[in-house]
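*Asks:* Chain by chain, the residues:
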Amino acid sequence: MTPEEFNTTANAIESQVGRVIVGQRDIVRQTLTTLLAGGNALLEGVPGLGKTMLVRTLAQALDCRFSRIQFTPDLMPADIVGTNILVEDANGARHFQFEPGPVFANLVLADEINRATPKTQSALLEAMQEHSVTIAKTTHRMSEPFFVLATQNPLEMEGTYPLPEAQLDRFFFKLNVSFPTTAELVQIADRTTGQDTARLQAVANGMTICEMQTLARGVPIAPHITTAAARLIRATHPDDAAAPELVKRYVRWGSSPRGMQALILAGKITALLDGRYNVALDDLRAVAAPTLRHRLILNFEAQAEGVTADQVVDDLLDKVLTVND
Amino acid sequence: MRYDQLLAGLKPIARRLRLRTGAHIFVQTAWLALGAVALFLLLSRIVPIENYLWIAAAIVGVWFISWLGYSALHRRTTFQVAQRADAELGLRDRLATALALSRPGATISASSDPALVGRQGQDALAHLQRIEPREAFPIRLDRRLVGAALIALVAIGVLLFLPNPMDAVIAGRREIIKTAQIQAQALEQLAKAVEENRELDPADQAQLLKKLRELAERLKTNPGDAEQALADIAKLRETLNNSLDLSKQTQAAALDTLASQIAQVANASQTPQNADELAKLLEQLAASPESLSEKQRAGMAQALAQTTAQVAPSSPELANALTELAQNLAANASSSELQIAVAQASAALQDAGEQQALQRALAQTANQADASLRAIARAANSSQVSDNQSQGQGQAQGQSQGQGQGQEQGTGQGQGGQGQGQGAGQGQGKVGGGVIGGGGGGGSGSVGGPNGQNKPFGADDVSTVYTPFQTGQGQQENVTGQDSGGGQTTTQQGKSPLPGSLNPAVVPYAQVFQQYSQIAGQAMENSYIPAGMKDYVKEYFSALEP
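Chains as they are written, first to last, in the working numbering: chain A, 50 to 374; chain B, 265 to 810.
Treat the hints as calculated values from the structure; they're not laboratory data. Incorrect hints may have been included.
If you anchor each label on the Cβ, the simulated ranges turn out as follows [as the list claims (entries may be wrong)]:
no.	chain 1	residue 1	chain 2	residue 2	range
1	B	Gly382	A	Glu260	16 to 24 Å
2	A	Thr371	B	Gly382	26 to 34 Å
3	B	Pro402	A	Ala238	28 to 36 Å
4	A	Glu193	B	Ala336	54 to 62 Å
5	A	Ala61	B	Gly333	43 to 51 Å
6	B	Leu417	A	Glu233	56 to 64 Å
A partial selection of chain A residues facing chain B, derived with a Cβ cut-off under 10 Å [stated by the list, open to error]:
no.	residue
7	Val268
8	Pro272
9	His273
10	Thr275
11	Leu321
12	Asp323
13	Leu330
14	Asp332
We put the CB at the ideal spot given by N, CA and C, even for glycine.
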């Protein structure tokens, strides 16, 4: 695949999604970035903002196998990854056969993931990180591409279980879905309350996505950009000398190295989507917030004062990610 | 290859960026430097600052050299140029990345696709070739800063064009420094002379030398402060006032008279010039008492008796020794008794000789101090200073001059009076004197005959001078002369401000001259003055006439 084909395909996917999803261009772009990076995304927003619709639409545009898991408090891990069941063949012999769960798909929508118990949430861990599931000492590989898109309601809502920090770190991006503007709401009403519904065309398949993922990883990055990313990640730790005051005051724990990997990979995809063959500092700036916001563990003081991770990331970008002249 | 192409393409951008940065820094700092110079020039009009034009030029020079040095030394690396171009032209790190990846020996990540690396380089070169440095990096100067610099420049021009009132003050200071240096040299020469004087007691000599050298040092290091210089000299002068003993001068005069009379009586070939020689003459006479006639013995006894009365207040030991010698001579004592008395008198005379030498040295020092006072006061007066400073200096001058003038008169009187006494041995000795006393440190002075050291002022010297006493306010008394001719001494006492106190007696020179000239004229009419000396006095006042 060439960079031009990459761009064309990406634009086509965005275009198809845009036929259904009104607005939310950044969310669509970042979701696509996560998919092309081979990562998983966590969408956070109040119910009814189109999170599920976004993933469903994406699956339609990609001609990929899609499954949706509605997380509830009584959902069990086996309900996600599958289980061995006793079956009887034509000869009357009985044996255990693995019945894959809904996680065995290319695009998995883990809807309202924070409504399930932590035990069930953890069932997704191996699948998300290793792209495989081990059941009864047998490891089952997922088919590529594998993309988990989890949605969650804000934590302050009742009946939710905060995601474990280890699991949060496994999400490539955390995307905050904002409420639509008035114009967007009007457009949503027009599109969804009429007789016509948009029919989407699959513009890419799993193979294409895998090729795009491979190409994206080959984008060159200059040492000074990598160093800048490393400096940024180090500065998220309050005990680092280069950490800005806001980090020292409000951050309990900074980003893991996985955050840097996500930052650079997302930067590469952003560059390609922008028609460039190199990662720029601006690319890092563009993806810093979704990459780092769920990886910064804020302290109680920050929560008490209403300081958000996005504010801390903005401060980091201003003070750390600068051009040395 | 690509690296070289990138370097070649970045060179003109580097030059342009350097020019632009230099221009920006120039404008950003020019208004500060020029503003500082303008403020400094303004300050130099309020406070006298030596070499202020050079300092102002130095400020500009330092700024310019700093700017030049910074512009020359602070060069961006090629990589920094690429980064700057990327940032300003929105190239999203294309150039910097291409440069970093194409640099010889650059380590490229294994995950990077070589094809993409190549395309990245081409993309960067294509963008680089489209850059026109002049258009891409225009030099836009901050108009406010340029305006501020121009305003400062105009202010500097105006300040340089208008005459600086502090120039006169600075010139005055320089004059004072120069004068102080000259006076310091004179004091050092005097110190050298005192050091070579063998007649002085070593302790007295050392003390006097110390004072002289201290004053010379202070004058040398004087920064042009006339008040300070005058105060330093006045301090020494006050010390000298306390050390100068008028009675010693009277004693010296009496001993000189005695020497003259003894030499005359003993028919000596040469008159003794000092106390030591007088002692030797007495020893010679005592060695052969039989050679002295009755008349000679009586004459010597009478001379000794007269001298005894004069030296008694200042040196009782000498008076006793001379009295005993006179009695021995009058009583026609034996040779051995006479020799014992002469030996005692001789020892007392040697002590008196040392004291006289000290007094002469002190007088010389006082004269030099007075001369320094006048010179510095003249220098201070000649400078054009502001009103406030003029007032301040005027007070200092009045005070210091008052001390100096009074003492100068006193010294002059001593010498002048001595001259008159000898010259009019059979006639009248006229001594015009003013006795000034008081708690603040009284000085004794008298209007004396003219001599070389006693001609301080010319008509063009100063407009105001210090008058040691107010004529017409004192008591006048006539004292019968000591000499056989029944000479008369006129002593005039006047009120005078004391050394160290504020001196209100600063009066116009012409007025002072008039008073002194009038007194001198009256004195010549009322007293016996040899005709030759009258002419001398008239010439003296003619020379001083304003």
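*Asks:* Now, for every hint given, state plainly whether the structure supports it.
*Replies:* Now the hints, each set against the structure:
no. : hint                            : verdict
1   : B:Gly382 / A:Glu260: 16 to 24 Å : holds, 19 Å
2   : A:Thr371 / B:Gly382: 26 to 34 Å : holds, 30 Å
3   : B:Pro402 / A:Ala238: 28 to 36 Å : violated, 50 Å
4   : A:Glu193 / B:Ala336: 54 to 62 Å : holds, 59 Å
5   : A:Ala61 / B:Gly333: 43 to 51 Å  : violated, 58 Å
6   : B:Leu417 / A:Glu233: 56 to 64 Å : holds, 59 Å
7   : Val268                          : holds, 6 Å
8   : Pro272                          : holds, 6 Å
9   : His273                          : holds, 6 Å
10  : Thr275                          : holds, 8 Å
11  : Leu321                          : holds, 9 Å
12  : Asp323                          : holds, 7 Å
13  : Leu330                          : holds, 6 Å
14  : Asp332                          : holds, 7 Å
Violation of the numbered hints given earlier is confined to hints 3, 5; the remaining hints are satisfied by the structure.
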